[in-house]
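Asks: Which chain is which? The protein sequence lines are A and B, in order. Residue numbers for the first sequence follow this note's numbering, beginning at 1 and rising by one. Residue numbers for the second sequence follow this note's numbering, beginning at 1 and rising by one.
Since the hints were derived computationally from the structure, they do not count as laboratory data. The structure displayed is predicted, hence computed values, not measured ones. A few of these clues could be false.
[Said to hold, decoys possible] Heads up, simulated EDC-like pairs for lysine to aspartate or glutamate below, C-alpha to C-alpha not over 20 angstroms straight-line:
{"id": "1", "chain 1": "B", "residue 1": "49", "chain 2": "A", "residue 2": "31"}
{"id": "2", "chain 1": "B", "residue 1": "50", "chain 2": "A", "residue 2": "102"}
{"id": "3", "chain 1": "B", "residue 1": "49", "chain 2": "A", "residue 2": "24"}
{"id": "4", "chain 1": "B", "residue 1": "50", "chain 2": "A", "residue 2": "34"}
{"id": "5", "chain 1": "B", "residue 1": "152", "chain 2": "B", "residue 2": "141"}
{"id": "6", "chain 1": "A", "residue 1": "101", "chain 2": "B", "residue 2": "230"}
{"id": "7", "chain 1": "B", "residue 1": "49", "chain 2": "B", "residue 2": "95"}
{"id": "8", "chain 1": "B", "residue 1": "50", "chain 2": "A", "residue 2": "24"}
{"id": "9", "chain 1": "B", "residue 1": "253", "chain 2": "A", "residue 2": "76"}
{"id": "10", "chain 1": "B", "residue 1": "253", "chain 2": "A", "residue 2": "102"}
{"id": "11", "chain 1": "B", "residue 1": "49", "chain 2": "A", "residue 2": "34"}
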Amino acid sequence: MYLREAHALDGRSPLGGGGMPIVEDPVTLAERNEVAKVCMTKLALEPIPALVDDMDDAVGKAYAAHPDRLYLVGRDGTIAWRGGPGPMGFIPDELDAAIRKELGRD
Amino acid sequence: MRSTLMTLVLAGVVPAGCQSGSGQVTLGQVAAPMELDDSVDSSWVYLAKKYDVDGDGRISEQEYQREGGRFDRLDRNDDGVVTAADFERTPGRREGMMRGMRAQRLVAVYFQIDEPGSLALDELEQAVAAYDDNGDGLIGEAEFAAHAEERKVEPPGGDSRMMKMAMRDVEPWAALVVAIDTDQDGRIAAVEFVAFFKDRDDGDLVWSLDRSRRRGGASSRPMSGPSAGEPAPDFALRPANGGPTVTLSSFRKNLPVALIFGSYT
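In isolation and in its complexed conformation, chain B is listed as follows (with noise of 0.2 angstroms):
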């Protein structure tokens, strides 16, 4: 793709006056919002019109054919077949992820933990120690009461409206409690964030935990991403045309490089 290293390096044409049509793009536009004309078949019509082959309203393991674990997260009521019922838009399921949300945003606001980099259990122990005025590794309801304010830090960024929508008249101890507090002892321990996050976890946060739990101290420089003036992770990778395979150490000693990482949900 001949416009791969100029569009890379899109850093030399960020500034005001960049027209759009002209290969440049600025970051206003990499920041649009999203606007989909395609979201509004359903996941079982999507579903349903690709994979139930002899139209029985059902998709089987067999007709489903893609393996990983996939045919059973699907099968959200676990009955065996994948059907209209598995996506039905119930109150439950959008309080269940309403609560996830929720819990998410506190856990970042009180305890700044938001980023992979931070799941090491002794900087977990810490951010609890921060509460812990009797210092029994626990945090009660008045010792989040007493240093709530002083610990609160919003993220930065702003809410989405979904995210607005979940911290509508939330009372932060008690969401924090019914998402953290899995021994429902009424206090949160450092070992129950690891449970949430555990429990919350795509693939990465495993990763991130074990490492924690081998390091011994060193590094965490691979679970939070390398640091300003750290050696930037060289790759070499195609673009989805199947152009040429671009190396980030390429660049060096010409331009600065803008890495956007990103997907499409």
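If we strip away everything but chain A, and leave its shape as in the complex, we get (with noise of 0.2 angstroms):
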């Protein structure tokens, strides 16, 4: 799920230059799309499909997922496991666990 950029060059949290892609805050949903793009092909992600937030970050906000979070939805469709906040919470490892958890695959 893409959401909106976390350190845009022109964004309020400036990161670029120096290991860091050089990215300005799409300001439409085509250039947050193409972003989106650019980002699943650098990061070697495109076996993930990336769906893309609305520009009024709706799903982001609603899981309060912003910079970025990992959670795993059950069949039931309640939440199986929440990660923490990241980006010191992002820690696909949990993921994994909550995953082989929920499959009953411990």
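Starting from two chains that each stand alone, build the complex the way the hints lay out.
Replies: Below is the structure:
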């Protein structure tokens, strides 16, 4: 799920250059889609299809997911596991464990 | 996008032995360190190439043409134009960034305030009260020293290289006073945390703080995200490449869904 850029060059917490990609904060959904595609390619994430949050950031806000976060939704449509807020709480191994538990493959 | 459903439901395909190239990914791949070959370009070179139409080494507001305060944020030295000088990596700027990272980490470690859901003022007051032996609503140096070890919780996940650099030889109390103690009385109050987070906010936190003021004891769920057992907020969004809309609830009763939120930077 591609969200609003965390460290856009023209954003409030800019980072860029010196090892970080330089990205301008998308102002339209079309621009956001383009950045999302570059992100998926450059980070070699293409096998995962990227959904793109709308410009009102509604989904990111509903999940308190900005700048990054992990969740697992169970078959019953409820939250099976909620990761901590990123970047410190973004821990893929925890999601891995949650998935195994959900599937009964501990 | 045909593979959308399969890969959104990557839950089932994670166990060991999963091969890349088969259309499936492991979480190890998702977590792979960033290696970006396009990152050598400096911010100024990038902007000049795109916006300095007349090639005079300055980007005027007319040349930039993107709204929403973006020009002002790029014009970091407030001289009315965007130039290379706005992107010089001065020691002061670097130290400012390090100071910010340090403060964020120390607040998380000693007060466990690292998620928007904790930003209700009453919760900040509780965080202060845990140190406040004399009940004056403030944390002094001796009170911090008396409780720091018992209150200390290292956030999981380890530190990035940058964070390790920022945290090297840090004296926690002195660094916290620099970051939080805005009235410079040598003590830390709950309201000073509010100012600290507002200063660092990039959009979401003000919203959280506003909600916390209105909520009057109601659930803080909108700030911290839905917890385990609560219904997952439904959504219908399209993939970046314009494929059909994907609705979260369409997976119900079939397979678990892993949601991975993030951005490029």
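Asks: Does each hint hold? Answer for all of them.
Replies: Hints, one by one, checked against the model:
no. : hint          : in the structure
1   : B:49 - A:31   : 18 angstroms, holds
2   : B:50 - A:102  : 48 angstroms, violated
3   : B:49 - A:24   : 14 angstroms, holds
4   : B:50 - A:34   : 16 angstroms, holds
5   : B:152 - B:141 : 15 angstroms, holds
6   : A:101 - B:230 : 18 angstroms, holds
7   : B:49 - B:95   : 29 angstroms, violated
8   : B:50 - A:24   : 11 angstroms, holds
9   : B:253 - A:76  : 6 angstroms, holds
10  : B:253 - A:102 : 13 angstroms, holds
11  : B:49 - A:34   : 19 angstroms, holds
Going down the numbered hints, you'll see the structure goes against 2 and 7, while the others check out.
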